[in-house]
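There are 2 protein chains.
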Amino acid sequence: MIQIYTGNGKGKTTAAIGLAIRALGHNKNVSIIQFFKDKKFYGEQKVLKHLKNLKIYSFASKHPHFYKNIKIEDIKNECEKALEKIAKIIKEKKCDLLILDELNIAIRDKYIDVEKIVRLLKNKPKKMEIVITGRSAHKKILKLADLITDMRLVKHPYYTGIKSRKGIEY
Amino acid sequence: MIQIYTGNGKGKTTAAIGLAIRALGHNKNVSIIQFFKDKKFYGEQKVLKHLKNLKIYSFASKHPHFYKNIKIEDIKNECEKALEKIAKIIKEKKCDLLILDELNIAIRDKYIDVEKIVRLLKNKPKKMEIVITGRSAHKKILKLADLITDMRLVKHPYYTGIKSRKGIEY
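First to last, the sequence lines map onto chains A and B.
Residues 1 to 170 in this note's numbering are what the first sequence lists, from first letter to last.
Residues 1001 to 1170 in this note's numbering are what the second sequence lists, from first letter to last.
Derived from the structure by calculation, the hints contain no laboratory data.
Check before you lean on any hint, since a few could be wrong.
[To be verified] No farther apart than 20 Å at their CA atoms in a straight line, the calculated lysine to aspartate or glutamate pairs in the EDC-like style are these:
no. : chain 1 : residue 1 : chain 2 : residue 2
1   : B       : 1166      : A       : 146
2   : B       : 1028      : A       : 169
3   : B       : 1046      : A       : 96
4   : B       : 1116      : B       : 1092
5   : A       : 110       : A       : 84
6   : A       : 166       : B       : 1096
7   : A       : 166       : B       : 1146
8   : B       : 1166      : A       : 96
This one's a predicted model, so the numbers in the text were calculated from it and none came from an experiment.
Let the sequences and hints guide you as you build the complete structure.
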């Protein structure tokens, strides 16, 4: 099955991480491909890298939106490598749960050609669960999905103006 | 801050677990109070119980919706114990992130008096992050929250008829 967590609310990446933890508890093999997640910044990687049966790969860790001096060409090369890794994981058929964290952003920003990833996803082993996160999911990705959850931010007056906090937002 | 993950979509409990993993990566102390989650059933507990700085407590592990021979009185007693544990954690002020998993269901089904939990939550230390999950969040709980994410299930034809799967849904 292909699951998508999208929308402007909180909980997309964290839901995918929770699914990884749940699957590991049942002795499944899990691979996580992360886009645009700086290793030094996000807390989850520090814990996840120590867990058995879990492999985590990080590509294009710096998104040009936050790091202005990053070359688009470098991002595209990194995303190409990520596609190769995804292709390898799908071909090997050893992985039970494959998480493609922020893939939707890589597609939205045209670092990854949607047709290329659609082709890969269509060839996934039937038993492999694939989870895709990120806002602005492409309609061709949505069409492939068996289950879509739209995380909607319900704004609240108190929330306005609170900055991103270590250990919570990242 | 108080965060709520509610709605009929997937990802509420898993988002909370992901937040726990993220917080642990930044050396925070995390406590999880779970309602209606059978230890033998859910995969996450097997992994979470081995993690440093994380405490997980399970109450009323069998919901009468699934286990018809459970006495309502026993559920209420268990929920009362859960409230005592929550009160203790809040009073001790040692916990950075407190997750109340499926608390919304316990309130909805009247096993927990909403006024009692509101009173507790209002006395939380300013720096303690509290995350509440479960569909059908009570309006008095929503009112307390600083951030609400509504997980909306976007149904898809393929999904209809697929049963709950080990390692994914539980």
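Notebook entry, point to check: Given the hint that residue 110 of chain A pairs with residue 84 of chain A, does the C-alpha gap stay at or below 20 Å?
Noted result: holds (17 Å)
Margin query: Please verify whether residue 1028 of chain B and residue 169 of chain A have alpha carbons no more than 20 Å apart.
Written below: holds (13 Å)
Notebook entry, point to check: Quick one, are residue 1166 of chain B and residue 96 of chain A close enough, alpha carbons at most 20 Å?
Noted result: Holds, at roughly 12 Å.
Margin query: Between the alpha carbons of residue 1116 of chain B and residue 1092 of chain B, is the straight-line distance 20 Å or under?
Written below: Given that 20 Å is the threshold and the Cα spacing comes to 18 Å, the pair holds.
Next item on the list: Please work out if residue 1046 of chain B and residue 96 of chain A have their alpha carbons no farther apart than 20 Å.
Entry: holds (18 Å)
Note to self: Run the distance test for residue 1166 of chain B versus residue 146 of chain A: straight-line Cα separation, threshold 20 Å.
What the structure shows: Roughly 17 Å between the alpha carbons, so the hint for residue 1166 of chain B and residue 146 of chain A holds.
Notebook entry, point to check: Going straight from one Cα to the other, do residue 166 of chain A and residue 1096 of chain B come out at no more than 20 Å?
Noted result: Distance of about 12 Å is within 20 Å: holds.
Check: Between residue 166 of chain A and residue 1146 of chain B, is the straight-line Cα distance small enough, at 20 Å or below?
Finding: holds (17 Å)
When each numbered hint is compared with the structure, no violation occurs for any of them.
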